[in-house]
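Peer 1: Given next are the chains, with one letter for each unit.
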Amino acid sequence: DTAVSQTPKYLVTQMGNDKSIKCEQNLGHDTMYWYKQDSKKFLKIMFSYNNKELIINETVPNRFSPKSPDKAHLNLHINSLELGDSAVYFCASSHPSGQGSTGELFFGEGSRLTVL
Amino acid sequence: AQSVTQPDIHITVSEGASLELRCNYSYGATPYLFWYVQSPGQGLQLLLKYFSGDTLVQGIKGFEAEFKRSQSSFNLRKPSVHWSDAAEYFCAVGKRDYGGATNKLIFGTGTLLAVQP
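The listed protein sequences derive, respectively, from chains A and B.
The first sequence begins at 1 in my numbering and counts up one residue at a time.
The second sequence begins at 1 in my numbering and counts up one residue at a time.
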């Protein structure tokens with residue numbers, strides 16, 4: 001029933017490890033996003049995919065690799081984790097704006113990543 | 001460049017009192033504007049949005065916001081705050097890219113609302 005769901009909700013790992021976060025939406029949206037929320041609650045876009053095509057990549061280190069196998073899924077893989085990667089990662093989805101849609105984002109509940 | 005400023009990092013109000021959270025934006029064209037709320041440990045929930053038309057918009061949970069182009073503001077208001085309104089509130093401006101295919105939201109730094117009994 002959940003519109004945008006992310007797994008896992010919590011992730012604790014050691015520096016240098018590789019980890020993935022998965023996201024699925026059942027809203028029929030064409031566009032999906034990854035946002036990062038740092039310890040000061042600041043939200044910043046990382047990536048945006050439209051119909052499985054990457055269209056926004058906001059100067060994110062190439063240790064972060066998103067993958068969209070289909071419109072309903074967007075996964076985030078992170079290699080060689082660093083302490084600074086500790087954050088809450090939010091997945092979101094939207095319809096394209098225009099044609100009666102304001103393109104608001106629907107967010108998942110977040111995945112809290114802690115790197116030790 | 002687009003930006004959003006929320007001048008108040010932390011606000012405390014008494015239950016039943018009125019509330020106004022400030023938001024100023026910088027955007028070259030007519031913006032899409034949003035207010036989201038984040039409860040502890042939760043995702044972001046849309047409270048309301050401005051797209052066009054009436055500059056006073058109504059949202060969920062009794063919230064409203066007024067778009068003032070001359071002041072580049074989109075302040076959030078509620079006439080009577082409830083204890084359950086305690087949360088972090090984010091203002092955002094939407095930047096349409098790639099023919100509207102993506103809506104990149106630029107967020108303010110948030111205002112943490114505490115409600116006193």
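None of these hints come from the bench; they were simulated from the model.
Errors might be hidden in some of the hints.
Stated by the list, open to error - Have a look at the derived ranges for each label pair, beta carbon to beta carbon: (1) Pro7/B with Ser39/A: 44 to 52 angstroms; (2) Ser39/A with Ser14/B: 42 to 50 angstroms; (3) Ser18/B with Gly16/A: 45 to 53 angstroms; (4) Thr59/A with Ser72/B: 24 to 32 angstroms.
All residues carry an ideal CB built from backbone N, CA and C; glycine is no exception.
Peer 1: If a hint holds in the structure, say so; if it doesn't, say that too.
Peer 2: For each hint, the structure was consulted:
1. In this structure the supplied range 44 to 52 angstroms is violated for Pro7/B paired with Ser39/A, their Cβ-Cβ distance being about 21 angstroms.
2. Checking the proposed 42 to 50 angstroms range against Ser39/A and Ser14/B shows it is violated: the Cβ atoms sit about 29 angstroms from each other.
3. The hint said 45 to 53 angstroms for the Cβ distance between Ser18/B and Gly16/A, and at roughly 51 angstroms that hint holds.
4. For the hinted restraint 24 to 32 angstroms between Thr59/A and Ser72/B, the CB-CB distance of approximately 26 angstroms keeps it satisfied.
Comparing the model with each numbered hint stated earlier shows that hints 1, 2 do not hold.
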